[in-house]
Amino acid sequence: MTVPVPYRVVAHRVDTPDTATIVLEPADAALPPFAPGQFAMVYAFGVGDIPLSVCDIDGPRLAHTVRTVGAVSGALHDVRIGRTVGVRGPFGTGWELSEAEGRDLVVVAGGIGLAPLRPLVLAALATPERYRRLNVLIGGRTPDDLLYCGEPWQAAAGVRVTVDRAGPAWTGEVGLVTTLIDRADFEPPRTAAFICGPEPMIRATAADLVHRGVDPDRIRVSLERTMHCGTGHCGHCQLGPLLLCRDGPVVGWTRAEPLLMVREL
Amino acid sequence: MSVVRHGFLGALAPGHRDRLLTFAREACFPAETRVFEEAGAADRFWLIRSGLVALDIHVPGRRAAVVETLGEGDLLGWSWMFEPYRWHLGARCHAAVTAYEFDAEPVRLACAEDPAFGLAVTRCVAEVIARRLKATRTRLLDLYGFPGGGTP
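As given, the protein sequences belong to chains A and B, one line each in that order.
Here the first sequence stands for residues 1 to 265, where the numbers follow the numbering used here.
Here the second sequence stands for residues 1 to 152, where the numbers follow the numbering used here.
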């Protein structure tokens, strides 16, 4: 798990102007199975490695959506089919969807935060008898920045989408993703919520859900810090008492909230 | 979802909610209908029961820019409560809309005559304004943009 395993790029799809999804297949032995919410350290050989959450898990195949923001993400965004990358993992905590059985599900994603939530939604759709109502609420910057548009699961899940800035062709909702919570169909005391996105969006969303009556213990959020070793040794991803590569990235809101209120933690 | 249980009406105590609803009449707007124009007289307001309304700002030489959309359970219009009673945004139906429609003047009069009712309605309107202000400020952060600003 601490040594990168070679994976071959078998598919590459450009999602938005700065985001692409790559599908990886083990070149030899596969890593242990990933759970939704966990992440891998993915190497662009000769450039470096970055943490990427899995956006699809299909047997030994892994898919990662990568946004180009630096040298490594840029190299992975542009990687060609047939090339080999290194993968370490699985790392961190998952969404633990099984603990939400019998409840309404509220899944709230902001921007590229939809990537780690995608396998969670797919898992919920695959076993609908285990859950009550499924609400998937997505916020994006503009219509052009929305991920996975047109994928069949979005219609199956009855996804609601809003954007911060709309062009003239957009006929959907405009506003912060929290506005969608008011229109979602769920019974707060019987709800489990899953949130991923920029930290201010996570805080605003969790606060709104708690205000609506959702138990903070039933809200799980995915946090981001500088993951490096992936094994809880280097301390780069420390958030107070947590090492997010080991104790996160998925953390209960009851534990996360007081830590996120501390500046520069 | 019930508009009475959630949204603006859901925030009112049952007695005040029932009293407010005595002023309501049902209204329907086909898709693409303009409900009101920016700077027009704010003499009514609506509680949306279904559909989607876009709030927009006139920009010379361009199509009106949509700044926010409102849907089921939302209060459409609060300029009716504060002088000079002029809409500071325009509103157009994105999809067919059903709503409770209220004339502003009798509601303002009832608020003035019954301070408890007036306070309850004013607090609910203020809460709507506060939530929209908070959401707008959060959107100003451009959270989903390139980290640190600029382009990758």
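Treat the hints as calculated values from the structure; they're not laboratory data.
Using N, Cα and C, we set each Cβ at its ideal position, and we do this for glycine too.
Misleading hints may appear alongside valid ones.
Label pairs and their computed distance ranges (CB to CB) [stated by the list, open to error]:
hint, chain 1, residue 1, chain 2, residue 2, range
1, A, Pro200, B, Leu109, 38 to 44 Å
2, A, Pro200, B, Arg123, 22 to 28 Å
3, A, Cys149, B, His58, 54 to 60 Å
4, A, Pro32, B, Ala13, 52 to 58 Å
5, B, Thr22, A, Val14, 34 to 40 Å
6, A, Ala169, B, Phe82, 46 to 52 Å
7, B, His58, A, Ala169, 15 to 21 Å
8, B, Gly10, A, Pro128, 26 to 32 Å
9, B, Arg123, A, Val262, 40 to 46 Å
10, B, Arg137, A, Pro241, 51 to 57 Å
A quick look at each hint next to the structure:
no. : hint                               : result
1   : A/Pro200 with B/Leu109: 38 to 44 Å : holds, 41 Å
2   : A/Pro200 with B/Arg123: 22 to 28 Å : holds, 26 Å
3   : A/Cys149 with B/His58: 54 to 60 Å  : violated, 30 Å
4   : A/Pro32 with B/Ala13: 52 to 58 Å   : holds, 55 Å
5   : B/Thr22 with A/Val14: 34 to 40 Å   : violated, 56 Å
6   : A/Ala169 with B/Phe82: 46 to 52 Å  : violated, 34 Å
7   : B/His58 with A/Ala169: 15 to 21 Å  : holds, 19 Å
8   : B/Gly10 with A/Pro128: 26 to 32 Å  : holds, 28 Å
9   : B/Arg123 with A/Val262: 40 to 46 Å : violated, 32 Å
10  : B/Arg137 with A/Pro241: 51 to 57 Å : violated, 31 Å
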